[in-house]
Amino acid sequence: MNMLSEVAVEKVLEKPMNIIPLKMVGKDVSVYYGDKRALYDVNLDVRENTVTALIGPSGCGKSTFLRSLNRMNDTIEGCKVTGRIALDGDDIYDASIDVVELRARVGMVFQKPNPFPKSIYENIAYGPKIHGLARSKADFDQIVEASLQRAGLWNEVKDRLHEGGTGLSGGQQQRLCIARAIAVSPEVILMDEPCSALDPIATAKVEELIHELRANYTIVIVTHSMQQAARVSQRTAMFHLGHLVEENDTDKMFTNPDDQRTQDYIMGRFG
Amino acid sequence: MTNALSPADAAVISRAPARRDIGIKRRYAAERRFRAYGIAALAFGIIFLFLLLSTVVRNGYTAFQQTAIALPVEFTEKLIDPDNKRATDPSVLIAANYTAVARDAIVKALGVDAQNKADVRAANAMLSKSAPIQLRDMVVADPSLIGKTVTVSFLADAQIDSANKGQVDLTVPESNRKVSDRQIGWMQQLSASGAMAKQFNTGLFTSGNSSRPEAAGLGVALVGSLYLMLIVLVLALPIGVAASIYLEEFAPKNRLTDLIEVNINNLAAVPSIVYGLLGLAVFINFAGLPRSAPLVGGLVLTLMTLPTIIIATRAALRAVPPSIRAAALGLGASKMQMVFHHVLPLAMPGILTGTIIGLAHALGETAPLLLIGMVAFVADIPGSPMEPSTALPVQIYMWANEAERAFVERTSGAIIVLLLFLIVMNLGAILLRRRFERRW
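So the sequences go chain by chain: A and B. When you line the first sequence up against this note's numbering, it's residues 1 to 271, in that order. When you line the second sequence up against this note's numbering, it's residues 1001 to 1440, in that order.
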């Protein structure tokens, strides 16, 4: 399976960016928290089987944009989203789209590892259980093993699947959360600074994992680390003060950005 | 230190800057003072708790024992059914003169001259006034006893009981105490023959109230309190938890919900007697429910307990980390699934603690029950929550108002029972909490 994913990654990498189909499309997206406007008419597309990195200084709106992609902003009191965000061409804010179904298709990994205070097995099996993706014990076992395999955690935890998920180290917990997210077979995985609470070794493992996951999933990642964006992503979008400053191929972004502000941010002149 | 400092070295050291006074000593002194205050406060509390408990136990432990007198009783047909009509008219067995039967038994056992009226009266006073009723109940249950001689264990009169427990000061002149020297002599006689002995007071737990202290028990109050607790638990826990979940997780945050929150907090501070008035007006006068019934008491206590449970539950729900909610929602759980699969189980220990505090509060509540008539004299154990009953704290209150010496120990005994009831409930809460407790 690892072999296969390598091949798939290579296949995608071969293609020039502009012919990779669009998975999600954001058009004139604005987000308001009460009277405060957090995003100004952002136009940003997410391409299939691509890692898109969102960078920018704190408070620039990159997390807000990420959270509007699976409507996690709905849970914030007084938050309003205008514009259009589409997943495979369907407006996700349309009344016909159910938010529960949307989140099953667009999974999320959070900044701080947040496993449920249950066993590792239950953590993974919870999503498939509520969505009815598995019926028998064998199905669940299979999903749990496959998810942990993909998250690169299987060998570390296979002997203690029924111990608490909170007893793992920070990096393992975060990979458990990724395994939990992929257990419901989403199409898109949103990651909100997934490595900010991890040490460099755990970070390297998660980055490697992101690289592998790309073969099967579309990934959007918010990061504060420019190096991380450069390492894991193919596309990078730079936010500043609620505006999308520049969106470009990662290679170009870090070598020859179009916008002066991007240049300054990457060079460390502000932020 | 083997090398003494040479003057040159000393000069070098003295060039170091002077140590600043940053108040180290003062800070440590403040900390020590604070600790001392804490220990003093704790010691103060423990001393008073100890005083309280020791007083109650010292006064009350004797209530768990009761003096009984075992006497051979002749169920003489001439006294009970002189005209031999019991086959046709069973009511003669109820109306018969059992007082005489009991009196004959004690007079005979003590060897008192039956012609000496004063002695007979004094001897008869040794037995509880419930003795004839006890005999009547025996005969009505089994008429074949008539004509036989059976040994029956009677309750001793409260005064005799007190004297037997050493609570009567015998140095007081005879005319100033309720137990005569003659009776003391008979007591010694009965004790020596083994007829009179102290036994465990089962009647305290099984009998209803009585104006005769030796026959008065907590049975009605225990059953009443049990009904009250069940009603409060069954009503207040689901309603309170459901209301809290709605307010905390689903309700929009606006003026109206703010107003509701403020009012719930205020309701928790409303004097309980006001709830009694409310219950009287709504449940008894308007809804027409029976007076003195545990059902009404339970409803009133439910209203009183709800704010406590709601406040505790909301605090417990708020203490669940938002990251758990985000994790569940991010996986595509609906809000309802998020609450019931993740938030509620984590909040359960806090909810249970709040519920038990509310229940314990309700268990000890007297004032609202007085207003809805649960302060009545009830002798029969209620078979359902619709029948008249009292409750433990009300029974304590009623006994505390009684003048007789023997009610003092019973009042304290009832307090001990109430405290035990509370301890059992708290133990249950701790066990439940252990079961639900999870780390995160």
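Some hints here could point you the wrong way.
[To be verified] Cβ-Cβ distance ranges computed for the label pairs, FRET-style:
hint	chain 1	residue 1	chain 2	residue 2	range
1	A	21	B	1437	25 to 31 Å
2	A	141	B	1437	37 to 43 Å
3	B	1238	A	34	31 to 37 Å
4	A	249	B	1238	54 to 60 Å
5	A	34	B	1321	23 to 29 Å
6	A	260	B	1257	30 to 36 Å
7	B	1315	A	155	51 to 57 Å
Hint data in this document are derived by calculation from the structure and do not stem from the laboratory. All C-beta atoms in this analysis are idealised placements derived from N, C-alpha and C, irrespective of residue type, glycine included.
Using the beta carbons of residue 1238 (chain B) and residue 34 (chain A), state whether their distance is inside 31 to 37 Å or not.
holds (35 Å)
Verify the CB-CB distance for residue 1315 (chain B) and residue 155 (chain A) against the hinted window 51 to 57 Å.
Violated, since residue 1315 (chain B) and residue 155 (chain A) (Cβ atoms, about 42 Å apart) do not stay within the stated range.
Range first: 37 to 43 Å. Now tell me if the beta carbons of residue 141 (chain A) and residue 1437 (chain B) are that far apart.
At roughly 28 Å between Cβ atoms, residue 1437 (chain B) and residue 141 (chain A) fall outside 37 to 43 Å, so the hint is violated.
Hint check for residue 1238 (chain B) and residue 249 (chain A) - Cβ pair distance inside 54 to 60 Å
holds (58 Å)
Between the beta carbons of residue 34 (chain A) and residue 1321 (chain B), is the distance compatible with 23 to 29 Å?
Given about 24 Å between the Cβ atoms, the range holds.
CB of residue 260 (chain A) to CB of residue 1257 (chain B), is that within 30 to 36 Å?
Because 48 Å falls outside the window, the suggested range is violated.
Is 25 to 31 Å a correct range for the gap between the Cβ atoms of residue 21 (chain A) and residue 1437 (chain B)?
Between residue 21 (chain A) and residue 1437 (chain B), where Cβ atoms are some 50 Å apart, the hint is violated.
Hints 1, 2, 6, 7 from the list above are not met by this structure, while the remaining hints are.
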